[in-house]
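Engineer: Use these hints to put chains S and F onto chain E, whose structure you have.
Here is what each chain is made of, one letter per residue.
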Amino acid sequence: MRRDDKKEESAVFQRVVLKNASPYHYMKVCLVLGDESTRLSAVELKHFIITGLKSLHGEVGAALPFDLLKYDEDTLTALLRVHSRGLVKLWSSLTLLGSYQSQACAFRVLQVSPFLLALTGNSRELQLDEGSASSSSG
Amino acid sequence: MSVDLDQTPRSLLVCDQSSFLDEKNRVSSQVEQLHFNYKVSVLLPECSSTPSHLDSVLNSFSSFYLIRKLPIYELLDKHFLETSVYQGSVYGLSYRTRIDEDNCVALTPDGRLFLSLDKDSFQVLGVEGKPSRFNHRTNSRFVVSIDLTDSSMAPGGRSYQRLLTGLRSRLHLKTDFLLSHHPGGGASLQPLLSRYDWSEHRPEVSSHTLTHLSSPDLQSCDPHSFLEWLGAVDANISCENLSSSFLSSLVCPEPKTTLSRSLRVTICGMLLPQDVHRLIQEIRCYLEQPRLESWVSMTVHGFVDSPISWGVHEHGVLRGGENFYSLLLFHDHTYRLHLATGAHDTCPP
Amino acid sequence: MVRWKSRYLLCEVNVVDRSRLLLLDDRAVAGAVKAAVARIHGDYGAALCSIRFCVKYLNAHTGIVLLRFPKSCYRILWSALPFITSVESRGQKIPCFLNCLHVGGTIRTCQKFLVRYNTQQLHRMLPKCKNEEEKQQICKAILNCTLTGKDKEESEDESENEEDEEE
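Residue numbers (the numbering used here), protein chains in the order written: chain E, 1 to 138; chain S, 1 to 349; chain F, 1 to 167.
Rather than coming from a laboratory, the hints here were simulated on the basis of the structure.
Think of the CB as a built atom: it goes at the ideal place given N, C-alpha and C, for glycine as much as any other residue.
Mixed in with the good hints, there may be bad ones.
Pulled a few chain S residues facing chain E out of the computed Cβ check, cut under 10 Å [to be verified]:
(1) 9
(2) 150
(3) 154
(4) 199
(5) 269
(6) 301
List of simulated lysine-lysine pairs, DSSO-like, C-alpha gap at most 30 Å [to be verified]:
(7) S:119 - S:174
(8) F:34 - E:46
(9) E:19 - S:24
(10) E:19 - S:256
(11) F:140 - F:128
(12) E:54 - F:71
One chain only, chain E, in its complex shape (with noise of 0.2 Å):
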């Protein structure tokens, strides 16, 4: 899985490729809840979460290890850091979490990378609207 290729073509020069060599994995995420009013605070939501490690993974699941970095209780969006060999795991449960309290729900993951940088500059959030243009016309 790992491979480094190191060439020094002089004695300032260097050049490394590092394939799949990434510790962790980053998940941005998004609950969606049947009623729009259930606050969750940052510890109910990393609960609910191993909850849905377990019922899907079992205890071996519930053990896995994941951060939740970041957390905005308005939007209830996520940002979870996991260990690469845990990814599967962990999004597979996501996507099979569909009840809290209840009340239906649903995770909506906006965007996964090996790189925590590639979250906070997603072009998919650039908006342009009118709002903002400087000049129009038609």
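Structural biologist: Chains S and F alone, transformed into the frame defined by chain E:
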């Protein structure tokens, strides 16, 4: 039946280390290769307000135009080709189209038109193309690449006519389109713009001051931890966690130092590589003055849904579609460049 | 033709009271394995366990059990076996644990291994006899063993022959 749950799609990280004084350094060509840039973010350690030179460069980034519902055959307009495409560099990219579900269009500064089409559209268009490299088993997506500056594509020629009728009377491809021109801006684009609903946009600059930021030792930090730390800074994620914390155990890589005041400047929009290059030069000038911390980091994100990245190589999205590079500059003119791509991408230059 | 590949796990059931081994049956062991997999690996594991998993052979006298798993996922299912602490059979809970002796690709290799393993065990146990007479008695008892069913007889013969050579 495959049950290996540990596998993840491939990703690539290329780390270059060199000096601007070395003749072989390729930073400028590497910057030019990423045509469609969405966001640049600069991290200035131990700095409380944007230096005036840097500020003026950031505010002089070229503006770009958004045309709503542009029929793509308009890009083949004879007048547009003569005044804009043949003359200088036009950057064009379809807006709010997703490369994994919609048809996407890109126009590169060297006068090439890229269409990434689903199978139906491709067959309706009836122009020569190639199946996408990222098709899985069945060919569901096709890429058409046309060199508009080629003699066979001169207005009136046979292949030109074929493409024009294909786009005009058969496919009816219409998308919102982002357009920018270098140098000179919009003057040569005016005739095209005036026929449709358009608006001009300036790249949006914003800055944040970060206090008491812990920073890793840049010389000993490995690339992945460095990029993680930089991402945490960009996304406003706290690195002050205990290893026993329930929510998050993200920490700044050791050994670390604390920066009392740092500044993060971001600029968003459709940014041209030329402007990014000017920014790099300005940062180098900024670093020449003696300072407390002698490094600056700059990250450039490409458009996720661009049909091409790193030159004219095909690009897909799969999970994240990330294509970005992060440049770490030091005061002694050495630099470190990290180029990262996702699964549907080629190796960066 | 390509065949479905399987892995056979040869396990021994360890209990405190050997007489209770006789209570075991195929279904009880299969149920215990399925329950353990469902607890440790959740719905995903339970689903894997529903494909071509079965208890191929159970010897209630010796406590030897042969489990068949699909080759593609036997590792994940195997990892749940140590968590079995009891088997419920005929309304009774038998505290036990499974000890995996061998993993084979076919039943044949498992059987061969079992014969070799039993021979080894016998050789380890014979020196513990109190006197020569007892030893003779045991050998005699083994020689008199018969089993209906052809395949089994063969293997018994094999082990007996080896015994004789040793004597």
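Engineer: All hints are to be evaluated individually against the structure, with a verdict given for each.
Structural biologist: Evaluated hints:
1. 9: Nearest chain E Cβ about 9 Å off; hint holds.
2. 150: violated, 30 Å
3. 154: violated, 31 Å
4. 199: It holds, given that the least Cβ distance between residue 199 of chain S and chain E is near 4 Å, below 10 Å.
5. 269: holds, 8 Å
6. 301: Cβ of residue 301 of chain S sits 3 Å from chain E, so the hint holds.
7. S:119 - S:174: holds, 17 Å
8. F:34 - E:46: holds, 29 Å
9. E:19 - S:24: holds, 24 Å
10. E:19 - S:256: Since the Cα atoms of residue 19 of chain E and residue 256 of chain S sit roughly 27 Å apart, the hinted pair holds (cutoff 30 Å).
11. F:140 - F:128: holds, 17 Å
12. E:54 - F:71: holds, 25 Å
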